[in-house]
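Chains as they are written, first to last, in my numbering: chain A, 9 to 742; chain B, 674 to 924.
Note that these hints are calculated values from the structure, not bench results.
Predicted, not measured: the structure shown is a model, and the values here were computed from it.
A few of these clues could be false.
Once the Cα atoms are required to be at most 35 Å apart in a straight line, the calculated DSBU-like pairs of lysine-lysine come out as [unchecked claim]: (1) Lys674/A - Lys838/B; (2) Lys732/A - Lys816/B; (3) Lys398/A - Lys459/A; (4) Lys736/A - Lys739/B; (5) Lys777/B - Lys732/A; (6) Lys816/B - Lys716/A; (7) Lys716/A - Lys874/B; (8) Lys191/A - Lys40/A; (9) Lys777/B - Lys717/A; (10) Lys616/A - Lys648/A; (11) Lys646/A - Lys478/A.
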Amino acid sequence: MSSAPKKRGSRIEPFRHRVETDPNFFDKSWRKLHDAIREIYNHNASGLSFEELYRTAYNMVLHKHGPKLYEHLTANLKEHLEEMRTSIEAAQGGLFLEELQRKWDEHNKALQMIRDILMYMDRTYILTNKKTPVFDLGLELWRDTIVRSSMIQGRLLDTLLELIHRERMGEVINRSLMRSTTKMLMDLGSSVYQEDFERPFLEVSASFYSGESQQFIECCACGEYLKQAERRLNEESERVTQYMDMKTGEKITAVVVKEMLANHMQRLILMENSGLVNMLVEDRYEDLTRMYSLFHHVAEGHSTIRSVMASHIKETGKSLVTDPERLKDPVDFVQRLLNEKDKYDNIINVSFSNDKSFLNALNSSFENFINLNNRSPEFISLFVDDKLRKGVKEASEEDLETILDKVMMLFRYLQEKDLFEKYYKQHLAKRLLSGKAASDDSERSMLVKLKTECGYQFTSKLEGMFTDLKTSHDTTQNFYAASSSDATDAPTISVQILTTGSWPTQPCSTCNLPPEILAVSEKFRAFYLGTHNGRRLTWQTNMGTADIKATFGNGSKHELNVSTYQMCVLMLFNSADALTYREIEQATAIPAADLKRCLQSLALVKGKQVLRKEPMSRDISDDDSFCVNDKFTSKLFKVKIGTVVAQKETDPEKLETRQRVEEDRKPQIEAAIVRIMKSRRVLDHNSIMTEVTKQLQPRFLPNPVVIKKRIESLIEREFLERDKTDRKLYRYLA
Amino acid sequence: MLIYKLGKGSREKVQQFMTITGASEKVALQALKASDWHLEGAFDFFYSQPQISAANTRRLEEMYNKYKEPDADMIMVEGVSQLCNDLHVDPQDIVMLVISWHMKAATMCEFTRQEFIGGLQSIGVDSIEKLREKLPSLRAELKDDHKFREIYNFTFNWAREKGQKSLSLETAIGMWQLLFAERQWPLLDHWCEFLQVRHNKTISRDTWTQLLEFVKSIDPQLSNYDEEGAWPYLIDEFVEYLIENGFVQRK
Chain A
9 MSSAPKKRGS
19 RIEPFRHRVE
29 TDPNFFDKSW
39 RKLHDAIREI
49 YNHNASGLSF
59 EELYRTAYNM
69 VLHKHGPKLY
79 EHLTANLKEH
89 LEEMRTSIEA
99 AQGGLFLEEL
109 QRKWDEHNKA
119 LQMIRDILMY
129 MDRTYILTNK
139 KTPVFDLGLE
149 LWRDTIVRSS
159 MIQGRLLDTL
169 LELIHRERMG
179 EVINRSLMRS
189 TTKMLMDLGS
199 SVYQEDFERP
209 FLEVSASFYS
219 GESQQFIECC
229 ACGEYLKQAE
239 RRLNEESERV
249 TQYMDMKTGE
259 KITAVVVKEM
269 LANHMQRLIL
279 MENSGLVNML
289 VEDRYEDLTR
299 MYSLFHHVAE
309 GHSTIRSVMA
319 SHIKETGKSL
329 VTDPERLKDP
339 VDFVQRLLNE
349 KDKYDNIINV
359 SFSNDKSFLN
369 ALNSSFENFI
379 NLNNRSPEFI
389 SLFVDDKLRK
399 GVKEASEEDL
409 ETILDKVMML
419 FRYLQEKDLF
429 EKYYKQHLAK
439 RLLSGKAASD
449 DSERSMLVKL
459 KTECGYQFTS
469 KLEGMFTDLK
479 TSHDTTQNFY
489 AASSSDATDA
499 PTISVQILTT
509 GSWPTQPCST
519 CNLPPEILAV
529 SEKFRAFYLG
539 THNGRRLTWQ
549 TNMGTADIKA
559 TFGNGSKHEL
569 NVSTYQMCVL
579 MLFNSADALT
589 YREIEQATAI
599 PAADLKRCLQ
609 SLALVKGKQV
619 LRKEPMSRDI
629 SDDDSFCVND
639 KFTSKLFKVK
649 IGTVVAQKET
659 DPEKLETRQR
669 VEEDRKPQIE
679 AAIVRIMKSR
689 RVLDHNSIMT
699 EVTKQLQPRF
709 LPNPVVIKKR
719 IESLIEREFL
729 ERDKTDRKLY
739 RYLA
Chain B
674 MLIYKLGKGS
684 REKVQQFMTI
694 TGASEKVALQ
704 ALKASDWHLE
714 GAFDFFYSQP
724 QISAANTRRL
734 EEMYNKYKEP
744 DADMIMVEGV
754 SQLCNDLHVD
764 PQDIVMLVIS
774 WHMKAATMCE
784 FTRQEFIGGL
794 QSIGVDSIEK
804 LREKLPSLRA
814 ELKDDHKFRE
824 IYNFTFNWAR
834 EKGQKSLSLE
844 TAIGMWQLLF
854 AERQWPLLDH
864 WCEFLQVRHN
874 KTISRDTWTQ
884 LLEFVKSIDP
894 QLSNYDEEGA
904 WPYLIDEFVE
914 YLIENGFVQR
924 K
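Produce the entire structure from the sequences given, and follow the hints as far as they go.
Dropping the structure here:
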């Protein structure tokens with residue numbers, strides 16, 4: 009034992025674990041990680057200590073080994089991936105995708121763990137040096153080593169496309185595998201997904217559908233084809249939701265639309281016997297709805313459908329209004345127009361979602377063809393006349409209202425509304441005077457509709473007619489009240505006093521009334537003029553009716569309802585057994601044409617032959633003789649002979665009406681010109697023409713030549729003058 | 674009186690001037706003075722101012738009285754006929770129209786005192802002989818565009834029947850033939866034919882005035898005719914007529 013004592017103080021010893029000094033520090037640490045990664049890839053991760061590995065990595069980075077670590081990591085990952093690649097490449101046929109998927113899963117899981125271990129590096133070295141983070145690095149390496157490797161890239165794409173093709177052809181494929189594969193691509197980055205899958209997918213789809221559409225269009229009817237297109241669109245849509253990125257949806261839809269619809273649009277819509285026209289004709293709502301919704305996606309799709317529809321309507325409309333068969337029955341004519349309108353209203357409502365542009369096209373088509381026939385105004389008025397005569401006998405009040413509303417739609421299309429007004433007046437007059445207006449309410453309702461549409465002026469005269477009748481009724485009552493004390497075996501009269509101007513003008517003709525009638529009518533006239541000084545009454549003998557009690561030779565008694573003319577003729581036979589035509593003509597002074605018609609209706613109409621004619625021929629010559637038919641029989645007590653019904657006009661009548669309307673238009677045109685010039689003072693020729701046409705449009709379409717003539721007439725009458733320097737300019741002369 | 678103060682040469686010039694132009698001495702002196710006693714210049718001066726004369730009013734009255742009706746203060750058909758005779762012109766000669774225009778005559782074949790005398794004054798003559806000599810220059814006035822238009826427009830009112838607003842077709846055609854013979858309008862015959870066949874009614878003033886515009890601005894092949902050109906409808910119909918009958922090509 010030594011005797012020298014050692015002095016021991018406390019001293020601070022530096023860390024024992026001075027890794028720094030260990031030259032093998034990096035290698036040892038790396039070895040740890042390297043082995044750990046290997047275990048991870050070998051699914052042996054459970055035996056590892058996360059904490060230890062994390063610490064190892066941490067220390068490495070702390071001691072400035074970040075770059076080296078990163079490098080080694082990269083290389084290492086690559087090695088593993090190359091192994092995986094070999095395995096994937098070796099997979100046969102259908103197992104290829106599975107193997108790929110499996111390896112991908114493994115890689116992902118591995119990466120997660122590796123990332124966790126190396127998290128410190130992620131947050132420090134990588135961040136400051138702007139390196140790719142560990143996880144992303146792993147993905148990139150996967151992408152480059154596997155997905156884009158020469159052996160795999162092509163094969164992967166081909167496999168995917170092959171499967172999609174098979175599914176399109178009807179096979180069932182493994183969708184979840186597809187989903188995970190595309191998801192893998194998406195995870196690798198949207199550009200990878202787009203470059204490596206989406207773009208080629210869209211190209212291949214385009215040629216697939218190009219081929220399919222070509223095939224189908226050769227052998228399918230339009231409806232069938234559209235069904236197929238719809239089916240494919242839905243299918244592709246569903247496919248995308250099942251195993252592709254959402255954004256691919258609209259792209260593939262666009263491809264299908266282009267290949268199946270846009271490229272064949274004209275051919276489909278115009279397809280003979282099955283295209284749009286055929287669908288319209290046969291009211292194929294389902295097909296039409298499908299077509300409308302499919303072509304929504306195509307540029308000009310709807311406008312094409314719309315214009316084909318419009319041309320078709322115009323064409324059928326045109327043939328309808330110019331068909332001579334149709335023109336024989338005005339009521340039927342209008343009914344067919346209403347039916348057409350209803351048909352298309354329905355189609356547009358059901359199949360075209362009440363699309364406003366389609367409704368507009370419908371309206372302008374109707375407006376176009378309805379005016380091709382210049383009798384349309386007359387016929388529409390006749391239709392209304394027919395309905396108002398039948399009133400609620402044929403249809404309920406509501407139905408009648410609906411029908412009239414629909415007729416008003418047709419009315420709006422008319423260019424010559426003033427012509428309609430003239431006819432409506434004529435027909436209304438006949439209805440009112442013959443007592444054939446079935447429902448006063450419906451008549452009034454129609455007037456209100458016209459007033460709403462055209463304004464007060466249009467209907468004021470028509471309303472005047474109603475007022476006249478009411479007043480006449482009161483006047484007649486007053487007449488009888490005033491003369492109740494007089495002899496009562498005089499015939500009873502009911503008088504309708506028509507204000508000239510409200511009623512359509514009728515030419516008045518001669519007629520010798522039987523003395524009894526004459527007496528009472530003059531009495532009435534005196535009574536009326538007694539209370540209405542300064543007025544003038546003219547009997548309209550061509551418009552009246554009479555009820556006569558007749559006793560025939562065979563004893564039969566009847567009450568005959570006849571026209572005034574017929575009454576005059578029949579009364580003659582009270583004082584003569586037989587009369588020649590000439591004698592009748594002289595006695596009654598009725599104009600020849602009317603008289604002949606009158607005699608024909610009394611003597612030649614089966615079942616109504618109250619007179620006998622010799623000879624029995626149709627024509628009436630001067631010496632033909634007439635006498636009472638004593639063998640006349642009828643099942644009814646009251647017999648109606650020769651009611652006056654509003655007929656469509658004969659050609660000469662038509663011409664006359666049109667001439668009158670043209671005459672009426674002249675002052676209207678002049679008034680418009682004066683109005684315009686008064687406010688503008690100076691205006692050029694073309695502007696006047698445009699303005700006048702615009703102003704008169706609610707009533708009629710003025711003829712430019714007529715406008716010109718009116719301008720010249722106004723110049724002549726010094727309302728206007730031409731400008732001295734510019735002969736195209738007109739001036740208003742105050 | 675002034676003539677005494679002139680030299681012989683000047684006096685001769687005045688004589689010459691008066692003989693050629695038929696103007697009065699006063700007028701001759703005025704014209705020669707204005708042209709510095711150059712005869713040519715004096716003629717130019719004179720012919721550009723037809724109204725410079727102060728013709729002898731008495732002589733004019735005498736002239737008037739010669740032609741006027743015995744029992745009315747008007748020159749009527751017979752007087753006009755006589756006048757034409759004295760002038761050695763046909764009553765249908767267009768120069769009569771020019772003269773009537775100068776006179777601002779209200780109606781064809783009638784002249785009031787005022788019209789006759791005033792007209793002759795404005796022409797610058799006071800005798801038949803002078804008027805006769807003036808005829809060529811009066812005819813020449815038709816060549817002037819501006820004057821022609823005035824004469825043309827004057828014709829409408831002048832040729833009308835009294836109290837009528839429009840011109841009868843027959844008269845209008847006669848007048849047009851007269852007027853446009855001077856102007857050489859190629860479509861004249863077609864126009865008259867058209868009116869007789871298709872129109873057969875009177876002619877309004879607007880149509881009359883616009884026709885001249887038409888003649889002046891639209892070429893006979895109608896290449897610059899514009900349908901929207903605010904022409905009277907009668908002219909539009911005329912164009913249609915020409916096209917229908919193949920006289921011009923449709924554009």
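Hint check:
no.: 1; hint: Lys674/A - Lys838/B; in the structure: holds (21 Å)
no.: 2; hint: Lys732/A - Lys816/B; in the structure: holds (22 Å)
no.: 3; hint: Lys398/A - Lys459/A; in the structure: holds (23 Å)
no.: 4; hint: Lys736/A - Lys739/B; in the structure: violated (49 Å)
no.: 5; hint: Lys777/B - Lys732/A; in the structure: holds (22 Å)
no.: 6; hint: Lys816/B - Lys716/A; in the structure: holds (33 Å)
no.: 7; hint: Lys716/A - Lys874/B; in the structure: holds (17 Å)
no.: 8; hint: Lys191/A - Lys40/A; in the structure: holds (33 Å)
no.: 9; hint: Lys777/B - Lys717/A; in the structure: holds (31 Å)
no.: 10; hint: Lys616/A - Lys648/A; in the structure: holds (8 Å)
no.: 11; hint: Lys646/A - Lys478/A; in the structure: holds (27 Å)
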